[in-house]
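So the sequence lines, in the order shown, correspond to chains A and B. Quick note: the first sequence, position 72, residue 72 per my numbering, numbers continuous. Quick note: the second sequence, position 191, residue 191 per my numbering, numbers continuous.
Treat the hints with caution; some may be incorrect.
[Unchecked claim] Cβ pair distances, simulated, as ranges:
no.	chain 1	residue 1	chain 2	residue 2	range
1	A	Leu-119	B	Asp-216	25 to 33 Å
2	A	Gln-47	B	Asp-216	51 to 59 Å
3	B	Glu-400	A	Leu-119	51 to 59 Å
4	B	Val-333	A	Gln-44	55 to 63 Å
5	B	Lys-237	A	Gln-44	34 to 42 Å
6	A	Asp-73	B	Arg-321	35 to 43 Å
7	B	Glu-153	A	Gln-37	43 to 51 Å
8	B	Leu-365	A	Gln-37	43 to 51 Å
9	B	Val-358	A	Gln-44	52 to 60 Å
10	A	Glu-71	B	Gly-78	47 to 55 Å
11	B	Asp-247	A	Gly-88	22 to 30 Å
12	B	Glu-400	A	Glu-71	30 to 38 Å
13	B	Asp-247	A	Gln-37	55 to 63 Å
[Stated by the list, open to error] No farther apart than 30 Å at their CA atoms in a straight line, the calculated lysine-lysine pairs in the DSS-like style are these:
no.	chain 1	residue 1	chain 2	residue 2
14	A	Lys-3	B	Lys-237
15	B	Lys-182	B	Lys-258
16	A	Lys-19	B	Lys-108
17	A	Lys-42	B	Lys-528
18	A	Lys-3	A	Lys-113
19	B	Lys-591	B	Lys-528
20	B	Lys-652	B	Lys-528
21	B	Lys-442	B	Lys-539
22	B	Lys-485	B	Lys-448
23	B	Lys-182	A	Lys-24
24	A	Lys-117	B	Lys-197
25	A	Lys-4	B	Lys-197
26	B	Lys-630	B	Lys-528
27	B	Lys-182	A	Lys-113
28	A	Lys-67	B	Lys-442
29	B	Lys-499	A	Lys-77
30	A	Lys-113	B	Lys-63
31	A	Lys-19	B	Lys-63
32	B	Lys-539	A	Lys-19
33	A	Lys-77	B	Lys-182
Read the hints as simulated data drawn from the structure, not as lab findings. Even for Gly, the Cβ is constructed at its ideal location relative to N, Cα and C.
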Amino acid sequence: MGKKVLIVDDAVFMRMKLKDILSKNGYEVADEAQNGQEAFEKYQATQPDLVTMDITMPEVDGIQALKMIREADANAKVIMCSAMGQQGMVMDAIRAGAVDFIVKPFDTDRVIKAIDKALS
Amino acid sequence: MDDNSVYRSLFFEESDDNLQQLNDNVLELESEPDNMDLVNEIFRAAHTLKGMAATMGYDVMTKLTHKMENLFDFFKSGKLKVNSDYISLIFRCLDRLSQLVEDLRDEKELSQDQISDLLEELEKVEESVNGSDQAAKTPEEEQDTGALTNVFEHLEEADLDVIHQAITGDYKAYSIAIRIDKESLLKGPRVFLIMEKLEQEGDVLHTEPSVDILEDGDFDTDFRLVYLTRDDLDMVKHNVESNSEIDEIIVEPFDEEKQQAGEKQQAEAPKTVEKQKAQQKQTPVKAAAKAKPKTTKNNKTSAAHQHANARNQSIRVDLTRLDRFLNLVSELVVYRNQLDDASMRNNADAMRDALEQVSRLTSELQDLVLKIRMQQVSVVFSRFPRMVRDLAKELNKEMELVVEGEETELDKTVVSELSEPLIHLLRNSSDHGIEAPDIREKEGKDRKGTIKLSAYQEGNRVIITLEDDGKGLDPAVIKESAESKGINTEGMSDDEIKKLIFHPGFSTAKEITNISGRGVGLDAVQAKISELGGSLEMKSELHVGTKFIIKLPLTLSIIQALMVRIGNESFAVPLDVVERVVMLKENEIVKTTNQEVYRFQEGLIPIIRTDRLLQIEPDPNKKKFAIIVKIDQKYYGILADELIGQQEIVIKKIDPMLQKINKYQGATIFGNGSIALILDVNAICNEKKGTE
Numbered sequence: 001m002g003k004k005v006l007i008v009d010d011a012v013f014m015r016m017k018l019k020d021i022l023s024k025n026g027y028e029v030a031d032e033a034q035n036g037q038e039a040f041e042k043y044q045a046t047q048p049d050l051v052t053m054d055i056t057m058p059e060v061d062g063i064q065a066l067k068m069i070r071e072a073d074a075n076a077k078v079i080m081c082s083a084m085g086q087q088g089m090v091m092d093a094i095r096a097g098a099v100d101f102i103v104k105p106f107d108t109d110r111v112i113k114a115i116d117k118a119l120s
Numbered sequence: 001m002d003d004n005s006v007y008r009s010l011f012f013e014e015s016d017d018n019l020q021q022l023n024d025n026v027l028e029l030e031s032e033p034d035n036m037d038l039v040n041e042i043f044r045a046a047h048t049l050k051g052m053a054a055t056m057g058y059d060v061m062t063k064l065t066h067k068m069e070n071l072f073d074f075f076k077s078g079k080l081k082v083n084s085d086y087i088s089l090i091f092r093c094l095d096r097l098s099q100l101v102e103d104l105r106d107e108k109e110l111s112q113d114q115i116s117d118l119l120e121e122l123e124k125v126e127e128s129v130n131g132s133d134q135a136a137k138t139p140e141e142e143q144d145t146g147a148l149t150n151v152f153e154h155l156e157e158a159d160l161d162v163i164h165q166a167i168t169g170d171y172k173a174y175s176i177a178i179r180i181d182k183e184s185l186l187k188g189p190r191v192f193l194i195m196e197k198l199e200q201e202g203d204v205l206h207t208e209p210s211v212d213i214l215e216d217g218d219f220d221t222d223f224r225l226v227y228l229t230r231d232d233l234d235m236v237k238h239n240v241e242s243n244s245e246i247d248e249i250i251v252e253p254f255d256e257e258k259q260q261a262g263e264k265q266q267a268e269a270p271k272t273v274e275k276q277k278a279q280q281k282q283t284p285v286k287a288a289a290k291a292k293p294k295t296t297k298n299n300k301t302s303a304a305h306q307h308a309n310a311r312n313q314s315i316r317v318d319l320t321r322l323d324r325f326l327n328l329v330s331e332l333v334v335y336r337n338q339l340d341d342a343s344m345r346n347n348a349d350a351m352r353d354a355l356e357q358v359s360r361l362t363s364e365l366q367d368l369v370l371k372i373r374m375q376q377v378s379v380v381f382s383r384f385p386r387m388v389r390d391l392a393k394e395l396n397k398e399m400e401l402v403v404e405g406e407e408t409e410l411d412k413t414v415v416s417e418l419s420e421p422l423i424h425l426l427r428n429s430s431d432h433g434i435e436a437p438d439i440r441e442k443e444g445k446d447r448k449g450t451i452k453l454s455a456y457q458e459g460n461r462v463i464i465t466l467e468d469d470g471k472g473l474d475p476a477v478i479k480e481s482a483e484s485k486g487i488n489t490e491g492m493s494d495d496e497i498k499k500l501i502f503h504p505g506f507s508t509a510k511e512i513t514n515i516s517g518r519g520v521g522l523d524a525v526q527a528k529i530s531e532l533g534g535s536l537e538m539k540s541e542l543h544v545g546t547k548f549i550i551k552l553p554l555t556l557s558i559i560q561a562l563m564v565r566i567g568n569e570s571f572a573v574p575l576d577v578v579e580r581v582v583m584l585k586e587n588e589i590v591k592t593t594n595q596e597v598y599r600f601q602e603g604l605i606p607i608i609r610t611d612r613l614l615q616i617e618p619d620p621n622k623k624k625f626a627i628i629v630k631i632d633q634k635y636y637g638i639l640a641d642e643l644i645g646q647q648e649i650v651i652k653k654i655d656p657m658l659q660k661i662n663k664y665q666g667a668t669i670f671g672n673g674s675i676a677l678i679l680d681v682n683a684i685c686n687e688k689k690g691t692e
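I would like the entire structure built from these sequences, with the hints used as guidance.
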């Protein structure tokens, strides 16, 4: 059984893309969430091994969600997904305990390497 | 490369959404320039758009979005104040982006030239904000090539002291060199993450380049650091290796002698290094330029594969509707089984009961499918506020668009065809209707003109009205203009004169502007609306305003029809064009020199002998009926042998070959399984008009 990953992104397109990458590489997608609040709730419900978290999302953004999740589970592994030009926010996320980050556009190899590393 | 074709349709759908949202929000931003929530919202949408474009590998689109996003970033950080020049620039970017998306949809290749003008402008804005700051920074970026080294260039005495002290305790010192993946993006945070992890187990004493530069990402790929920790070599290595996007690392116990030897070497060779650097800087540029056409070619071939599903239209459906659909279908299955059962047992009563349920379900399903095809008119309307804003700027007028009933639903086909005629009418109202602010003031009107666009449902039609409070139509002006164009207006009432604006080639604009009056008149609008099975009316009062009323059928796929028989064949005539049906005798048809006419009301109307037209053997014994239809304000009489009745019919497409003969709109299937063709009354009558 592959490790379970929770995908968080507000764009369906991005979620599909990640889901595709993950499932082709032996990971199981625990669930998908489209904003921070949903991510927090689904984290509790599915207890995934890892979360991929988009930074910019409506309502509760990725960093807030990261903090919420880490508060509830100090061992939570969260990889941030960001785009170029978000240095500051990525740093904030790292300070808040993100294990790694991947930069859009997603490169399959890079995504998988980051996830492999985070889970090893 | 990943096969992105699966995501194409999704990409387009979400891009459209995001662009629309951007348009709306930016428009709002213009009136509320200090609304930071709005800026954030805009930023987010632009960001999503960029991410998607980049993932699809649409570089040109990514680039433009990225540059545009920078502008939003300046708004966010307060470095730029929102003003209408910037807003206009953004709108132009959004328009260009829409264009790019359209091109992509059509499988066209994008080129950098399509956006270079906008990029230039955006860069100018950026430069004005950043000053020369940015320019000075870039050339400084160093290119790291050759072997990774952990020899430090400038380690100070003080640092060495700290190292000595640490080593005498139970700490160990390591010199670490890390080369980050060449392709790694966001190097700053990457370094930050590596450091953060190291700091958890020890102290980073010294880095080259400095921490600030590293965290800003202003370096090429290599950096070095001195690290003090209690951990042993393997643990440190493991710590560094746990990071992703690292190309190569060197972790060694700190060696002062090696360090000093290296320092000397470095001091001797700076010149050659410099030269090398300069050369290297040029080559990658060339390489990149060469590589580009290659990649675009690749895109082209893969694009060709995707061509089949390129124009694959999709529609978003409310989930509750889809659920209801499923419910109905499952119910249908239950009753089908009951029917099966009843027919096995030959139980007529049970069969009748089940059938009753099935027929109820079928009509519910029919309703539902129609509803699923429905789309809110907001899909079209939402673009207009932006358009009116642009028009107001262009025309130096003040006007506002008020939209009502955006949630009114229409069949998707109708909705998507609606934008063209509406844009035309809106342009007309803005250009000819609304007066210049000064004139408005003189007439005691508000300086700001109002155009009201509303939609609502009435029975099985949807009414869309477009109303302006402008100058209205002046019959005298129209009359003059019509006469100068050689249209005879004698004996026409004011209302009839006003209707002349629907006359082909009529334009009241004194000078041709690029907003309206490009020769495409209101007649085109009217033609489009009737093509959609609708009608267009106009009411206008001088100095008060003009109102256009568009009436549209809810759906195009199910219509009310009059079923008739000609010879032994059945035909359907769409009921919405039928004025009335009269019975007539052969001797009431009068032959003129070139055609046959019939006296109807006060005038003579052309008669169309369908039997001859469609080459059908007529039934001489039957009474004749004339179906009086009204096309383009003119009456025609279509002859039929027998009336079957009025019926709701489902339009089925017919073979394109058959469509080409221009007499049939489609076909429909009767309850008994036989087929009837639907007469294309419009085409038939227009053909008749042509032969007159």
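Hint-by-hint comparison with the structure:
As the Cβ distance of Leu-119/A to Asp-216/B is approximately 30 Å, the hint placing it in 25 to 33 Å holds. Separated by about 38 Å at the C-beta atoms, Gln-47/A and Asp-216/B break the suggested range of 51 to 59 Å. Remark: the range hint 51 to 59 Å for Glu-400/B to Leu-119/A is upheld by a beta-carbon distance near 57 Å. Between Val-333/B and Gln-44/A the C-beta distance comes to about 38 Å, which lies outside the given range of 55 to 63 Å.
At roughly 36 Å, the beta carbons of Lys-237/B and Gln-44/A sit within the given window of 34 to 42 Å. Under the hint 35 to 43 Å, the C-beta atoms of Asp-73/A and Arg-321/B, about 39 Å apart, fit the expected range. The supplied range of 43 to 51 Å is met by Glu-153/B and Gln-37/A, whose beta-carbon atoms lie about 49 Å from each other. Under the hint 43 to 51 Å, the C-beta atoms of Leu-365/B and Gln-37/A, about 37 Å apart, miss the expected range.
For the pair Val-358/B and Gln-44/A, the supplied restraint of 52 to 60 Å is violated, since their beta-carbon distance comes to about 46 Å. With their beta carbons about 31 Å apart, Glu-71/A and Gly-78/B fall outside the hinted range of 47 to 55 Å. About 25 Å separates the C-beta atoms of Asp-247/B and Gly-88/A, a value consistent with the hinted range of 22 to 30 Å. A C-beta distance of roughly 48 Å is found between Glu-400/B and Glu-71/A, which places it outside the suggested range of 30 to 38 Å.
About 38 Å separates the C-beta atoms of Asp-247/B and Gln-37/A, a value inconsistent with the hinted range of 55 to 63 Å. Between Lys-3/A and Lys-237/B the alpha-carbon distance is near 26 Å, which keeps this suggested pair within the 30 Å criterion. At roughly 27 Å between alpha-carbon atoms, Lys-182/B and Lys-258/B fall within 30 Å of each other, so this suggested pair holds. Of the supplied pair hints, the one linking Lys-19/A and Lys-108/B holds, its CA atoms being roughly 28 Å apart against a limit of 30 Å.
Our distance criterion of 30 Å between C-alpha atoms is broken by Lys-42/A and Lys-528/B, whose separation comes to about 50 Å. A C-alpha spacing of about 14 Å is found between Lys-3/A and Lys-113/A, which places the hinted pair at or below 30 Å, so the restraint holds. Between Lys-591/B and Lys-528/B, the direct Cα distance comes to roughly 34 Å. Violation of the 30 Å bound is thereby established for this hinted pair. Taken as a hint, the Lys-652/B and Lys-528/B pair is honoured in the structure, with Cα atoms around 21 Å apart against an allowance of 30 Å.
For the suggested pair Lys-442/B and Lys-539/B, the alpha carbons sit about 24 Å apart, so the restraint of at most 30 Å is met. Proximity of Lys-485/B to Lys-448/B is assessed by CA-CA distance (about 33 Å); at most 30 Å being required, the pair is judged violated. With a C-alpha separation of about 26 Å, the suggested pairing of Lys-182/B with Lys-24/A holds against the 30 Å cut-off. Taken as a hint, the Lys-117/A and Lys-197/B pair is honoured in the structure, with Cα atoms around 14 Å apart against an allowance of 30 Å.
Between Lys-4/A and Lys-197/B, the direct Cα distance comes to roughly 24 Å. Compliance with the 30 Å bound is thereby established for this hinted pair. Between Lys-630/B and Lys-528/B, the direct Cα distance comes to roughly 17 Å. Compliance with the 30 Å bound is thereby established for this hinted pair. For a cut-off of 30 Å, the pair hint linking Lys-182/B to Lys-113/A stands: about 15 Å separates their Cα positions. Proposed proximity of Lys-67/A and Lys-442/B is contradicted: the alpha carbons are some 62 Å apart, above 30 Å.
The hinted pair formed by Lys-499/B and Lys-77/A fails the criterion: a straight-line CA distance of about 71 Å is larger than 30 Å. Taking the CA atoms of Lys-113/A and Lys-63/B, the gap is about 27 Å. The hint holds against a cut of 30 Å. At most 30 Å may separate the alpha-carbon atoms for a hinted pair to count; Lys-19/A and Lys-63/B meet this at roughly 26 Å. Between Lys-539/B and Lys-19/A the CA atoms are separated by roughly 56 Å; this puts the pair beyond 30 Å, and the hint is violated.
Restraint check for Lys-77/A and Lys-182/B: the C-alpha separation of about 26 Å stays at or below 30 Å, so the hint holds.
In terms of the numbered hints stated before, the structure departs from hints 2, 4, 8, 9, 10, 12, 13, 17, 19, 22, 28, 29, 32, listed from lowest to highest.
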